[in-house]
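This is what each chain is made of:
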Amino acid sequence: MKDYPSLHLRKDLEKYELRRFVDGAKKGDEDALSQLCVYVYSRIYSYVFYRVNQPEDAEDLTSEVVLKVIKALKNQRGNFHAWMYKIAKHALIDFYRKKAVRRELSLSDLSHDIADKSADFSRQTLTRERLRKGMQRLTEEQRQVIILRFIEGFSNSEAAEFMGKSVGAIKVLQFRALRALRDYFSRQGYEDKN
Amino acid sequence: MTIFRDKVMKTKIEEILDELIAEVKRGRSVDDCLREYPEYADELRPLLHLVNSIAELPKPEPSAEVIETVINQARVLLSEQKAPKGFSLREIFALRPVMVRVAAITLLVFVVGLTTVSLSANSLPGHMLYPIKIATERVQLLLTTDTKGKARLHVVYAGKRTDEFMSLLTPGVKINEDLLAKMLHETGLAINCAELLDENSALEIIDQIYECSKQQMKVLQEARHCACDGDTAVIEEAIQDCLNQHKCIECIKNPDASNRHCP
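Residue numbers (the working numbering), protein chains in the order written: chain U, 18 to 211; chain A, 49 to 311.
Where hints are given, some of them may not hold.
[Claimed, not checked] Quick list of in silico lysine-lysine cross-link-like pairs, DSBU-like style, CA-CA up to 35 Å: (1) A:73 to U:44; (2) A:196 to U:88; (3) A:73 to U:85; (4) U:106 to A:130; (5) A:262 to A:230; (6) U:115 to A:107; (7) A:73 to U:106.
Keep in mind that the hints were calculated from the coordinates and are not lab data.
Please put together the full structure from these sequences, using the hints given.
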């Protein structure tokens, strides 16, 4: 994010910086609060982006999660990421329940798929929009693994901690998710550019 | 057997995929990695390319305006949390269930304690609450630091023992010797405290001791009439002690009367 360069932290510094922001925000430091908001927003936005239909929904949902995180910050203990993703997961469940998004998606995608074959996928490259559509074919846990492992770049053990699963289970989920995506993209006529 | 082999193979391919993803992330080419596992190359190649493609996708960027709005909302939220709130026990207890338990137990102990102490105030020797009455008196004495206050308390306790002795006095029934000794002992302790006080303070307290001692003498004389044979000697001895205490009181009241003998 160009407007918030401090977001681009090195991985080894990230935990230290994040802890500083969290502690500062808990004490009411406005600068730390802003930094934390930007950090949480960018993380959660990526997390929900591929799981809702519209970017606007992703923004609304992310804003809601950030405010929930800030509101509950004083009671936060332990791993911040695991806690943050848990809040996001519950917010997503509420979102699905309220808007019955999954049903909407399955209906709308039938018409989208026809158009995709002839138009969008003819360019033969993976785009965020295509990935989003592919992700809708995955189970909730498979989606979560793809996002945490390959979009957010977390390790197996980190993803396992956030999802409350074993590392072995993450490996299985990751294999199945990638295979399901590959099958979907093959059916859509997409060939990998590599 | 076939199912078992399939399961082992499946576990293996998941492990291999994970290992190769890590290698690709470190910078090795997909083809180079797959050379180590040619039997899985066809299956894993598209998956590894897909991983690369996903990782290369630009991250979804939220608009700066939306983030600014959220930051402002978060600031308001934080300032609301920081603002001093009215004292709300419910909120405190909701946050700390341990506090509720501690407060409830403290309240229970306080109420039970207060009730027991109140009930024990009128108890007589032999009653189950009498030891609590005595213990309460000991605590009161321990908490009183000045000599004058201690003297006053001993007078009060001497009066209580006298009343208790009087209540238990029944014609033909053996007297409570222990209680009788305590009654006179409390008066003696009051006199000892009075002796330590300066002249003015001593005079103030000595009248109360004298009144108490006079009352004790009356009770003892009454006891002499209704006492059984075995108690006569004990009562006579107690009367003699009481008379000696009277003399001590006289000595404190008139310290210059050198002709008087203070026992």
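Run the structure past the numbered hints and jot down the numbers of the failing ones, going up. Structure breaks hints 1 and 2.
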